[in-house]
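Novice: Now for the letters of each chain:
Number of protein chains: 2
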Amino acid sequence: MSEFAVWMQACQSRMEAVLGEVLPPARIAPQRLHEAMRYAVLGGGKRVRPLLAFAAGEVTGADPARVQYAAAAVELVHAYSLVHDDLPAMDDDALRRGKPTVHVEFDEATALLVGDALQSLAFEALASKTLADAPAAQLKMVQLLAQAAGSRGMAGGQAIDLASVGKPLTLPELEFMHIHKTGALIRAAVLLGAHCGRASDDATAALDHYAKCIGLAFQVVDDVLDAEAPTATLGKTAGKDAAHGKPTYVSLLGVARAKELAQELRADALDALDGFDAPAGRLRQLADFIVERSF
Amino acid sequence: MSEFAVWMQACQSRMEAVLGEVLPPARIAPQRLHEAMRYAVLGGGKRVRPLLAFAAGEVTGADPARVQYAAAAVELVHAYSLVHDDLPAMDDDALRRGKPTVHVEFDEATALLVGDALQSLAFEALASKTLADAPAAQLKMVQLLAQAAGSRGMAGGQAIDLASVGKPLTLPELEFMHIHKTGALIRAAVLLGAHCGRASDDATAALDHYAKCIGLAFQVVDDVLDAEAPTATLGKTAGKDAAHGKPTYVSLLGVARAKELAQELRADALDALDGFDAPAGRLRQLADFIVERSF
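Order-wise, the sequence lines are chains A and B.
Under the numbering used here, the first residue of the first sequence is numbered 1, with each subsequent residue one higher.
Under the numbering used here, the first residue of the second sequence is numbered 1, with each subsequent residue one higher.
Just chain A, with the same shape it has in the complex:
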């Protein structure tokens, strides 16, 4: 296993442990809700956002013991969005991370509450322990995550996505949607990780640019995988977007040009890291991983 793969696995194990600690135990009332929350969050996922938070923290000299809670907060928001996204009123999906979705395994009302409670838990995780030297900086992190999750971030992106079904979007419109739907939270992961350490304004701006490029690249690759990979490899229903008449980078650009675009975005992301040299090594490796991944 490569040194990077070892690091990635260590981060993923650490994340699993922290999420397990932050989530209420299933033996505490209301038991079924807590069981469903743990089902939704634990034992799956690539943990791309936490990996980005840990890697960004390395750039700003952040203590991983702090970064892990910021990373958990972002991952909890991500997990809640998947649970709600899979509901019948939204994408109506039965499979997620190779398991039945929460509303299939439990029921719709429980899935709704699981998502709601995971979002609250994210902010609890972000506010309950010391994660930055100055409490004011930590308040700023709360504000950042709230904006990234809200109507001008992820939830807004979902709304734009819904409104776009069956409509011919232009490339700028598709990009606008993804900057909100997945980009905002990926950006939050990088910035929250960085803010656990000492991030100058210049460093923050550079990391922000990296995050924007890598966020879009992530989505372009997702679209390519959705078009090419079999369901078993993805752990979620493949070809879903095309079947729902949703515009994707592949439907707009074709597979070949979409793959090129992903490479261009990776190059842009790496350029943004030029000033950091060695400490940004993990962020560079993650850019490669995100673009080259096959799941």
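Calculated lysine to aspartate or glutamate pairs in the EDC-like style (CA-CA distance at most 20 Å, straight line):
hint, chain 1, residue 1, chain 2, residue 2
1, B, Lys129, B, Glu21
2, B, Lys259, B, Asp271
3, A, Lys167, B, Asp107
4, A, Lys140, A, Asp201
5, B, Lys140, A, Asp133
6, A, Lys212, A, Asp288
7, A, Lys46, A, Asp226
8, A, Lys212, A, Glu264
9, B, Lys167, A, Asp107
10, A, Lys140, B, Asp133
11, A, Lys46, A, Asp222
12, B, Lys46, B, Glu21
By construction, these hints were calculated from the structure, which means they are not laboratory data.
Got chain A; can you put chain B on it based on the hints?
Specialist: Chain B in isolation, oriented as in the chain A frame:
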């Protein structure tokens, strides 16, 4: 109009203005989502939680210009919970505050996202402006709201409520449910308002006890009104709980004993305020208002 009624109306107008300012304008993309968020929050509701926050702030000498954002945060969480609670997978209700519910006026997916985005907005409102002298105290407020909203607070209460449909609950079980479902957020309203000022540990404990009593009283009165008042007065579907086979204070105790219980809880709440004298005047008036209201 009584002096108290004038104060109440002034607080409600102020709250409407602050909520209108905190909510993104409907002309900003995604327009339909923002329109639906404003529809869900503005132009209705008694604003009981904000009133409690303002009144608690008077006890601790808090600046109302700070309290108003803490109050808005709590009200946004309350508003989101109503939108999700009304969804077909939950209570499936078509009427709220005398208007069609969000999923009826818009659609289910939009209602889901409205609730999600309102919760994010609540934390944004709580973290974006200076609301306490020490940023660490404000972080504590974020933690408090997150806990009150989450699986060991309001969302947990909803889960217990769902699980109780058609089951014979004991009085302690019913109380346990309501302490979570409505009590946690009412408690957060009082404590957040207080924390905008200088709240000693003793004062916080006394206010906490007041909030617990008044939170339960609020629910007991709700059950009495649900059993007795016509739909037009309530602005929501009356007799709903009984029709759904949900246990209520009235179904467990009968109307007469439920009314007595509300009076006992008011007396307990007022006792908790004994140490504050004059500054707690508004909290006393609110206890009366909550128990005597007819809507």
